[in-house]
Amino acid sequence: MPEPFIKKFGAEFRSIVLSALGIAFVAYAVITILTISIPHLPLANKRTFYGLLRAQMAVDLSAKLPAQKREMVLFLGSSVVERGVSERAMDSVFAQQHTPYVTMNAGTGGFSAEANLPMFRAMLEQGLRPKCVVYGVCIQEFNAVSTVHAFFETKDTSTVKLKKKTVWNILRYGPTALAPLLGADHLHQYLFAANNAFRDVPNLNLFDRMMFGENHPPLDSDYRFSTVYYQDLREIVRLCKEHGIQVALYNAPLKPRTLEEQDIPYHHRAESYNAALALAQEMAIPLWNFDHKGFFAREEFQDNYHLTPLGARRISGMLGDSIVHWQRGSVSRDGVGTLE
Numbered sequence: 277m278p279e280p281f282i283k284k285f286g287a288e289f290r291s292i293v294l295s296a297l298g299i300a301f302v303a304y305a306v307i308t309i310l311t312i313s314i315p316h317l318p319l320a321n322k323r324t325f326y327g328l329l330r331a332q333m334a335v336d337l338s339a340k341l342p343a344q345k346r347e348m349v350l351f352l353g354s355s356v357v358e359r360g361v362s363e364r365a366m367d368s369v370f371a372q373q374h375t376p377y378v379t380m381n382a383g384t385g386g387f388s389a390e391a392n393l394p395m396f397r398a399m400l401e402q403g404l405r406p407k408c409v410v411y412g413v414c415i416q417e418f419n420a421v422s423t424v425h426a427f428f429e430t431k432d433t434s435t436v437k438l439k440k441k442t443v444w445n446i447l448r449y450g451p452t453a454l455a456p457l458l459g460a461d462h463l464h465q466y467l468f469a470a471n472n473a474f475r476d477v478p479n480l481n482l483f484d485r486m487m488f489g490e491n492h493p494p495l496d497s498d499y500r501f502s503t504v505y506y507q508d509l510r511e512i513v514r515l516c517k518e519h520g521i522q523v524a525l526y527n528a529p530l531k532p533r534t535l536e537e538q539d540i541p542y543h544h545r546a547e548s549y550n551a552a553l554a555l556a557q558e559m560a561i562p563l564w565n566f567d568h569k570g571f572f573a574r575e576e577f578q579d580n581y582h583l584t585p586l587g588a589r590r591i592s593g594m595l596g597d598s599i600v601h602w603q604r605g606s607v608s609r610d611g612v613g614t615l616e
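So the number in the working numbering is just where the residue sits in the sequence shown, counting from 1, plus 276.
I should point out that these hints are in silico values taken from the structure, not numbers from a laboratory.
Note that CB positions come from ideal geometry on N, CA and C, so glycine has one too.
Some hints could be false.
In the DSS-like style, the derived pairs of lysine-lysine whose C-alpha atoms are separated by at most 30 Å in a straight line are [said to hold, decoys possible]:
1. Lys437 - Lys569
2. Lys439 - Lys517
3. Lys441 - Lys340
4. Lys440 - Lys569
5. Lys340 - Lys407
Estimated spans, in silico, between C-beta atoms of each pair [what the hints assert, rightly or not]:
6. Ala560 - Ala303: 49 to 59 Å
7. Pro342 - Lys441: 31 to 41 Å
8. Pro342 - Arg574: 39 to 49 Å
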């Protein structure tokens, strides 16, 4: 009678099982160490690293503020916010005005309200309660056919959740959280966010450009107002009010353009601004317009949409003053006539 397989090869089988368990243990030990040690790494139930990186940074900062007796001013919006609001410059304004505010720039390249809404929900679910939210809109905010909009990697954004870094969550979601960093694009985005690239890093050298990546939006050939994007921004405002968070809008500046530089969306500036103004009036919130003639020179823009570090410092100072006046009781809504 032939000897049973397990008995015949028992030693070899045990060696394979123990080796597999050892490899698994080492792999998960490395995953656990990396997940804990990499700053602001977002643990999530979906492959949403790009969308939730800023959310995790905001949640991490908020955990430190109560002990410092400080309050957060949270900025949301697309790359015009991400690259156009300098926390360092704005915090200096707050310090000069003796206010206890700390700036958190959660602007994310390509994110209109459709993508910012689930990101903001994820922050709220983690207990984030900033003093106020300031949302930056630009000409592309409501453009349904814009080529620069980015989205979450899942259609059902209601299921997008940030997870606390418990042992179980690290074991379950750690590999998903770390995997994006193996790709050049996501690694650029992480380094971009961690180093405040393009808003606090002037005169980028070759290494900086390689590390941060490039961002030069194309000229768009069409514009169509999206009621979906408008309602998503309205929902962000509604959520703020529901949670007792003050909220304001600001209109980001555009580079003064020659006729050759003007794309189709540029000719819809008033339409886009009127939509933001209508929302501000309906929800009784401030709207500050910085797309105003004479506010910024052409040299203060990196491209048609994005400010240089010098321009970012200038608008951050202006925004800081607007926020301080607002918190002291001045609510203003700039009319469409203030557009350049």
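Here is how each hint holds up against the structure:
{"no.": "1", "hint": "Lys437 - Lys569", "result": "violated, 42 Å"}
{"no.": "2", "hint": "Lys439 - Lys517", "result": "holds, 25 Å"}
{"no.": "3", "hint": "Lys441 - Lys340", "result": "holds, 16 Å"}
{"no.": "4", "hint": "Lys440 - Lys569", "result": "violated, 46 Å"}
{"no.": "5", "hint": "Lys340 - Lys407", "result": "holds, 14 Å"}
{"no.": "6", "hint": "Ala560 - Ala303: 49 to 59 Å", "result": "holds, 54 Å"}
{"no.": "7", "hint": "Pro342 - Lys441: 31 to 41 Å", "result": "violated, 19 Å"}
{"no.": "8", "hint": "Pro342 - Arg574: 39 to 49 Å", "result": "holds, 43 Å"}
Comparing the model with each earlier hint shows violations of hints 1, 4 and 7; every other hint is respected.
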